[in-house]
Amino acid sequence: MTTTPEIALAPSKGRHSLALAAGLVLVGLHVGIAILTLFWLPYDPAAMAGGRLEAPSWLHWVGTDRLGRDLFTQLMIGSRIALLVGTGAVAIGAVIGVTLGLLAAFASKWLDDALAATLDILIAFPTLLIAMLVVAASDTASLGSAIIALGVALSAIVARLTRILAKRVLVMDYITAARTSGTSWWGIVVLHVLPNIWPTLSVNFALQFGLAVIAEASLSYLGLGAPPPNASWGRLLQEAQGTVYTAPIGALAPGLALLSLVIGVNLTADGLRDTIDPTRRR
Amino acid sequence: MQPKSLAFTAALLAGVALAPISLAQDYNPDATIRIGSLYEPQNLDNTAGAGQGINEAFNGNVYEGLFLLTDEGSVEPVLVEDYTVSEDGLTYTFTLREGVTFHSGDPLTAEDVKYSIERVMAEDSQSSRKSSLSTITGVEAPDERTVVVTLSERSISLPYNLSYVWIVNDAASDITASEDGTGPYTLEEWRRGSALALARFDDYWGEAPTNGEVIFQYFTDATALNNALLTNAVDVITSVQSPDTLAQFANNPAFTVTEGASTTKELLAYNDRVAPFDNVQVRKALARAVDKERLLNSIWGEYGTLIGSFVPPTDPWYEDLTGVDPYDPESARELLAEAGYPDGFTFTLDTPDYDPHPLVAQFLQTAFAEVGVTVNINIITANEWYTKIYQEHNFEATLQEHVNHRDIVFYGNPDFYWGYDNPEVIQLIDESEAASSEEEQVEKLRQANRIIAEEAASNWLYLYPQIVVSAANVTGYPVNGLNSQFFAYDIQKSN
Amino acid sequence: MVSFRCRRYHDRDHSRGTRTILAYTIRRTAILIVSLLIAATVLFVLLRLLPGDPANALVGVGATQEQIAAARAQVGSDQPLQVQFVTFLGNIARLDLGTSFVSRAPVLAEIGNRMSVTLPLTLFGFLLALIIAVPLGIIAAVRSERWYGAAISVVSQLGIAIPVFWVGILLVWVFAISLRWLPSGGFPLRGWSDWREAAIGMVLPAVTIGVVMGASLLRYVRAATLDVLGNDFLRTARALGSSFPEALLRHGVRNGAVPVVSILGIELASTFLGAVVIERVFSLPGLGSMLLLAIQQRDYPNVQGVLFVSTLLVLVIGFVADLLQRFIDPRLRSRGSVAP
Numbered sequence: 000m001t002t003t004p005e006i007a008l009a010p011s012k013g014r015h016s017l018a019l020a021a022g023l024v025l026v027g028l029h030v031g032i033a034i035l036t037l038f039w040l041p042y043d044p045a046a047m048a049g050g051r052l053e054a055p056s057w058l059h060w061v062g063t064d065r066l067g068r069d070l071f072t073q074l075m076i077g078s079r080i081a082l083l084v085g086t087g088a089v090a091i092g093a094v095i096g097v098t099l100g101l102l103a104a105f106a107s108k109w110l111d112d113a114l115a116a117t118l119d120i121l122i123a124f125p126t127l128l129i130a131m132l133v134v135a136a137s138d139t140a141s142l143g144s145a146i147i148a149l150g151v152a153l154s155a156i157v158a159r160l161t162r163i164l165a166k167r168v169l170v171m172d173y174i175t176a177a178r179t180s181g182t183s184w185w186g187i188v189v190l191h192v193l194p195n196i197w198p199t200l201s202v203n204f205a206l207q208f209g210l211a212v213i214a215e216a217s218l219s220y221l222g223l224g225a226p227p228p229n230a231s232w233g234r235l236l237q238e239a240q241g242t243v244y245t246a247p248i249g250a251l252a253p254g255l256a257l258l259s260l261v262i263g264v265n266l267t268a269d270g271l272r273d274t275i276d277p278t279r280r281r
Numbered sequence: 000m001q002p003k004s005l006a007f008t009a010a011l012l013a014g015v016a017l018a019p020i021s022l023a024q025d026y027n028p029d030a031t032i033r034i035g036s037l038y039e040p041q042n043l044d045n046t047a048g049a050g051q052g053i054n055e056a057f058n059g060n061v062y063e064g065l066f067l068l069t070d071e072g073s074v075e076p077v078l079v080e081d082y083t084v085s086e087d088g089l090t091y092t093f094t095l096r097e098g099v100t101f102h103s104g105d106p107l108t109a110e111d112v113k114y115s116i117e118r119v120m121a122e123d124s125q126s127s128r129k130s131s132l133s134t135i136t137g138v139e140a141p142d143e144r145t146v147v148v149t150l151s152e153r154s155i156s157l158p159y160n161l162s163y164v165w166i167v168n169d170a171a172s173d174i175t176a177s178e179d180g181t182g183p184y185t186l187e188e189w190r191r192g193s194a195l196a197l198a199r200f201d202d203y204w205g206e207a208p209t210n211g212e213v214i215f216q217y218f219t220d221a222t223a224l225n226n227a228l229l230t231n232a233v234d235v236i237t238s239v240q241s242p243d244t245l246a247q248f249a250n251n252p253a254f255t256v257t258e259g260a261s262t263t264k265e266l267l268a269y270n271d272r273v274a275p276f277d278n279v280q281v282r283k284a285l286a287r288a289v290d291k292e293r294l295l296n297s298i299w300g301e302y303g304t305l306i307g308s309f310v311p312p313t314d315p316w317y318e319d320l321t322g323v324d325p326y327d328p329e330s331a332r333e334l335l336a337e338a339g340y341p342d343g344f345t346f347t348l349d350t351p352d353y354d355p356h357p358l359v360a361q362f363l364q365t366a367f368a369e370v371g372v373t374v375n376i377n378i379i380t381a382n383e384w385y386t387k388i389y390q391e392h393n394f395e396a397t398l399q400e401h402v403n404h405r406d407i408v409f410y411g412n413p414d415f416y417w418g419y420d421n422p423e424v425i426q427l428i429d430e431s432e433a434a435s436s437e438e439e440q441v442e443k444l445r446q447a448n449r450i451i452a453e454e455a456a457s458n459w460l461y462l463y464p465q466i467v468v469s470a471a472n473v474t475g476y477p478v479n480g481l482n483s484q485f486f487a488y489d490i491q492k493s494n
Numbered sequence: 000m001v002s003f004r005c006r007r008y009h010d011r012d013h014s015r016g017t018r019t020i021l022a023y024t025i026r027r028t029a030i031l032i033v034s035l036l037i038a039a040t041v042l043f044v045l046l047r048l049l050p051g052d053p054a055n056a057l058v059g060v061g062a063t064q065e066q067i068a069a070a071r072a073q074v075g076s077d078q079p080l081q082v083q084f085v086t087f088l089g090n091i092a093r094l095d096l097g098t099s100f101v102s103r104a105p106v107l108a109e110i111g112n113r114m115s116v117t118l119p120l121t122l123f124g125f126l127l128a129l130i131i132a133v134p135l136g137i138i139a140a141v142r143s144e145r146w147y148g149a150a151i152s153v154v155s156q157l158g159i160a161i162p163v164f165w166v167g168i169l170l171v172w173v174f175a176i177s178l179r180w181l182p183s184g185g186f187p188l189r190g191w192s193d194w195r196e197a198a199i200g201m202v203l204p205a206v207t208i209g210v211v212m213g214a215s216l217l218r219y220v221r222a223a224t225l226d227v228l229g230n231d232f233l234r235t236a237r238a239l240g241s242s243f244p245e246a247l248l249r250h251g252v253r254n255g256a257v258p259v260v261s262i263l264g265i266e267l268a269s270t271f272l273g274a275v276v277i278e279r280v281f282s283l284p285g286l287g288s289m290l291l292l293a294i295q296q297r298d299y300p301n302v303q304g305v306l307f308v309s310t311l312l313v314l315v316i317g318f319v320a321d322l323l324q325r326f327i328d329p330r331l332r333s334r335g336s337v338a339p
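Residue numbers (numbering that gives the first Met the number 0), protein chains in the order written: chain A, 0 to 281; chain B, 0 to 494; chain C, 0 to 339.
Honestly, I wouldn't trust all of these hints.
[As the list claims (entries may be wrong)] Computed far set for chain A versus chain B, every beta-carbon distance over 10 Å: (1) VAL30; (2) MET47; (3) ALA54; (4) LEU58; (5) LEU102; (6) VAL133; (7) VAL151; (8) TYR173; (9) ALA176; (10) THR179; (11) SER180; (12) GLY181; (13) VAL188; (14) PRO194; (15) VAL243; (16) TYR244.
[Claimed, not checked] Taking beta-carbon pairs under 8 Å as the criterion, some of the chain A residues facing chain B (in silico): (17) ALA45; (18) ALA48; (19) ARG65; (20) LEU66; (21) GLY67; (22) GLY222; (23) GLN240; (24) GLY241; (25) THR242; (26) THR245; (27) ARG272.
[What the hints assert, rightly or not] Among chain B residues calculated to face chain C with C-beta under 10 Å, some are: (28) ALA47; (29) THR134; (30) ILE135; (31) GLY137; (32) ALA140; (33) GLU187; (34) GLY192; (35) TYR203.
Rather than coming from a laboratory, the hints here were simulated on the basis of the structure.
None of these values were measured; they are calculated from a predicted model.
For glycine and all other residues, C-beta sits at the position ideal for the given N, C-alpha and C.
Sequences are here, hints too, so could you generate the full structure?
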C-alpha cells in the first residue's frame, strides 16, 4: 500500500459537493411540493374520484387507494406533513433541549451530575417508546401529539449535546474576560455561548429531522401516528400493507418518498458539517 | 331451532356445499392442528374480561355448556340429556348426562352446574351475557343429576342463553390461568403473546376429536397472520381481514377458501338520546345519504353483504329490509330540510383506530358532506371506546362492528350505549322472549325489527363476509364461526 | 459527531480523587443507585399523570360503587400519594412488581418470559450489527477514495433512512415468502426448549436489527476511524516501522473504541424496547409488545414493571459501558476526565 492515510483523509472536493448538491435538490423538491400543496392539488384529497385500487394511469399518476382517492395527491400532502413533523419535532426538541442543556452547563456540580444521569437514561430510551408514552398520555392520537411526543424524545440528546458544548465554551479564556468586564450571565449566553455552539447543534438538528420523520413512520405502523385526514407517509405505508399484493405501488410510492426526503436531509446535514468545520474529517 | 327463511337455508346450503368434504380414512388422527388468530384472550376466564379470544379457543373445546350453539346456528343439548318445562314456563328441570368427568377427574354433578350459572350471574362477573340470564331467579340442585332453574318470566331463549354458560368444576377456584372443564381438550400450555396449546382429553365422555393437539397461534398483525398461512406455519386462519390478501389464496390449489355466513355487522351508531339523532327524519336522511354498495366495495371488494337492519340473514327473524332507506342524496337533503336542518349540521364521529373504521369514517365524511352534514372524525382507542362510549354514553355518533349472534335484543334495552328507546319495540321484544312457540318469537321479533329499520335507529352499513382460509389438506373446521366459536374437534389433517 | 461521556468539565486535575479503578467503580455504583431511585420516582410520577384512575382498568362493565372502592383498595389508589410512593419503593426493592390487571398474572414472571425472547434477539442483532459495522466502517474510512469505500458510505446512508419495519417486511417477502428459506415469524410455544425452532425464528428479526443498527454504527465507526487516522501517534508508529494495518489495530482501535463503546451502550439499551416494531412484524412475544399492549389497556402494573426493568437494564448497560471506556483508555483512568 503506497497511499498514505493523509491523502486518504482528504476526499476530493468534487465528491463532497456532489453529495451536498444531491441532498439540497431532494430537500428542495419536497419543500417545493409542500409549498405547492398550499395552493394547488391535482385532486381534492377526499374526493373519491376513481375506482378501488386503480393502477397508475394518466388520470392518476400513482393510482388510487381503496376509496378511490388519488394517491399522488396524498403523497404530496405527505411531503407537507413530513416537513411539519420534522420541523416541529426538531423545534420542540431544540427548545426543551437547549434550555435544559444550558441549565446543566451552568449548574452546580451535584445538580449537573443529576441532570446528566437523568439525560443519559432518557437518551437510552428509544424515541419510539417515549413517543408511545406521550401519545398514550394525550388520550387521542393526533398530529400534534405525535409531534410533541417526538420532540420530547429528541430533546434529551439535544440537552446532552448542548451541555457538553456549552461547558467547553464556558472554560474558555474570553468568557472569563467577558465576566470580568461586567457582562451578565444572560449576555454571555446570548453573545458567546449560543453563537459558538450553534453550528454543531444545527448539524445535529438536521440529522434529527430525518430521525423524526422515520420515527413518525414507525409510530404510524404501530397505529399511534397521525390519524387521517393528516395521512403521513408512514400511515400510507401501514395501510398499504394489506393491499401490497394487489396494488404494490401503494406501498412502494410512500416508501420511496420517505427515503428520498430523509436521504436528502442527511446528505445536506453531512455537507453542512463539512462546510462548518472542514478540518474535522467526520 | 328450525331455519325459517329461504335466505337462511340458502346460505346454510351454500356453506355446507362449499365446506370441504372430509374423507373418513384419509387423515392423521394424531395430527397437530395449528390455527392462526388475531384474538388472543387476555386471561382464561370468560367472566373476567378475557375478550372474544377465549370463546374462540375454549367454547366447545375445553369447556362445554348445558347446550351447544352449533356452527349452523342450532341449539343442541350437550351436557343435558333431557329437560322439561313447567306449564307456566317458569321452571326448567334439567337431567344431566351421566358419565361426564372434568379434566381434573371429578365427576359432573348438579352442584357444578349451579355453581357455573351463578358464576356468570355474580355481581363482579364481567360476562357480556350476564343480562341475558337476568330472568333467572334461582338455581337448585335437588340431586346429583338434576338441576332446577326458576325464572321470573317466560324465556324462550333460555336454552340458547345457557349455551354461553361454561360448566366449570365448582372445585376450581381461579380459572384465569388454568381450567377445569368437561370438553374434549385440556389446556396444555399458554405462552402469552405467542400461542395456546390444547391436548386431546382421553377420558372425554363423547366422541374423540379427530386430531391429537390444537395450537392457537396469535398474531397482532394481519399481514403476519397471512404470511404464516402462506408459509405453512399455520394450517388455518379463523377470519380474513381484507379481500386483497385473499387474492394470494383464492386461485391457489394449495389452499381452500370458504365463505360462510357472517354475523359481524359494521354500523354507524348514533346516540339516539342526543339531538339531532333523536329525530327519526334526520336518521333516515343520513341512511339515504350513504351509497352502501360503494362503501362495501371499497372495503371488501366483491365480498360481503348489504343489510338493511341489524339482523343478519342467519337469524331466524331475518327479513331483507335494504329497500327501506335506499341511497338517495336528493331525498336525504329534503328530509333534513323537513326536519329543520336545511343547512345541515355538524357532529363528531368517534372512530376506533383499527381497520376498517378509519376508512369507513372517511367515506362517511365525504358522503355526508354531499348532503350538507359536516363530520369531525375523532380517532380513539378500543379501550377508550369501551369507557367513553359503551360505559359513559358520552358521544354523538360512533362506528363499531358487532359480532354477536341474535343481538337484536340490544334495541330493546334503552340503557344500551346507543340509547334507542321505543316502548313498542321494547314490548315486542319482551313479548317475543315470553313467547310460547318459536313461530311466535320469530313473528314478534320480525315486527320489532321492521320498526327499528323504519326508524333508522342506527345506520347499518354492511355485513362482513365470514371467510376462513386453510391449507388444502385440512378440513372439518367451522365456517360460520358464530359467536366467535371455533370448534377444533372435527378438524382433520391429512398426511 | 463523536462525543465522550464525561462527568466533569472543569479542567482541574482530579487525579487525587479517582486515581484507581476501584475507587471509580465504587463511586459509579453509588451514582447507579441514585439514578435508579430518580428513575423510580420519575416512573411513579409519570404513571400518575396518565389520565384516569388505575383502578378503573380493573373493574368491568357497570361496576357498582362498592366494586370500584374494592378495586381502589386493591390497587392502593385510595391511599394518599406519599403512602403510595413508599409502598411502591418497598415493592420494587423486594422485586414484587404486582399482578397484571388484565391477565391476573404476576408481572415479573411475564417479564421473564418476554425477556427470554427480547434478550437473545437484541444480542444477536447487536452482534450482527457489529460484524457489519466494524469492518465495513473501517474500510469506508481508510478507503474512502476508492469506489467501494464510497459505495459503503452510500449504502449506509440508505440504511439509516429506511424505517426498520420496512426492512423487516422486505426481508420477510424475500426470504420467507418467495424463497421459503426461513419462517415469516413467530416464536415456538415451548420457547427455548424447542431451541432449533427458536433460533431459526430469530434469524430474520436479528438480521433486520443487525442491518439497520449496523448502518448507523457503521457511520460512527467510520467517523472514529477517520479521527484516529488523523492522529499523530499513528504517524509516529509508522515512522517507527509498524505497517499500516498493524498500527491501526494496535493504536487506532484503543483510541477509536472509546467513543464507539459509548454509542454502543446507548444503541444496545435502545433496542430492547425499540424492538417493538420488529416484534410486530415478526409476531415475537417480546418486551416491547408487552409494553405497547399494556399501555393500550391501561394495565398499570405491566407498564410500570416493564419500564422499571428496562430502566434498570439501561442503567446497568451504561454503567458497564462507562467502566469499559475507562478500562480501554488509560488516560481516562488517571485524569478522570477528558476534554471532548
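Structure-based check of all given hints:
{"no.": "1", "hint": "VAL30", "in the structure": "27 Å, holds"}
{"no.": "2", "hint": "MET47", "in the structure": "6 Å, violated"}
{"no.": "3", "hint": "ALA54", "in the structure": "14 Å, holds"}
{"no.": "4", "hint": "LEU58", "in the structure": "18 Å, holds"}
{"no.": "5", "hint": "LEU102", "in the structure": "36 Å, holds"}
{"no.": "6", "hint": "VAL133", "in the structure": "15 Å, holds"}
{"no.": "7", "hint": "VAL151", "in the structure": "20 Å, holds"}
{"no.": "8", "hint": "TYR173", "in the structure": "54 Å, holds"}
{"no.": "9", "hint": "ALA176", "in the structure": "57 Å, holds"}
{"no.": "10", "hint": "THR179", "in the structure": "59 Å, holds"}
{"no.": "11", "hint": "SER180", "in the structure": "58 Å, holds"}
{"no.": "12", "hint": "GLY181", "in the structure": "56 Å, holds"}
{"no.": "13", "hint": "VAL188", "in the structure": "42 Å, holds"}
{"no.": "14", "hint": "PRO194", "in the structure": "44 Å, holds"}
{"no.": "15", "hint": "VAL243", "in the structure": "8 Å, violated"}
{"no.": "16", "hint": "TYR244", "in the structure": "6 Å, violated"}
{"no.": "17", "hint": "ALA45", "in the structure": "5 Å, holds"}
{"no.": "18", "hint": "ALA48", "in the structure": "11 Å, violated"}
{"no.": "19", "hint": "ARG65", "in the structure": "5 Å, holds"}
{"no.": "20", "hint": "LEU66", "in the structure": "5 Å, holds"}
{"no.": "21", "hint": "GLY67", "in the structure": "7 Å, holds"}
{"no.": "22", "hint": "GLY222", "in the structure": "6 Å, holds"}
{"no.": "23", "hint": "GLN240", "in the structure": "5 Å, holds"}
{"no.": "24", "hint": "GLY241", "in the structure": "4 Å, holds"}
{"no.": "25", "hint": "THR242", "in the structure": "4 Å, holds"}
{"no.": "26", "hint": "THR245", "in the structure": "4 Å, holds"}
{"no.": "27", "hint": "ARG272", "in the structure": "38 Å, violated"}
{"no.": "28", "hint": "ALA47", "in the structure": "7 Å, holds"}
{"no.": "29", "hint": "THR134", "in the structure": "18 Å, violated"}
{"no.": "30", "hint": "ILE135", "in the structure": "18 Å, violated"}
{"no.": "31", "hint": "GLY137", "in the structure": "22 Å, violated"}
{"no.": "32", "hint": "ALA140", "in the structure": "28 Å, violated"}
{"no.": "33", "hint": "GLU187", "in the structure": "9 Å, holds"}
{"no.": "34", "hint": "GLY192", "in the structure": "3 Å, holds"}
{"no.": "35", "hint": "TYR203", "in the structure": "22 Å, violated"}
Going through the hint list in order, the structure does not satisfy hints 2, 15, 16, 18, 27, 29, 30, 31, 32 and 35.
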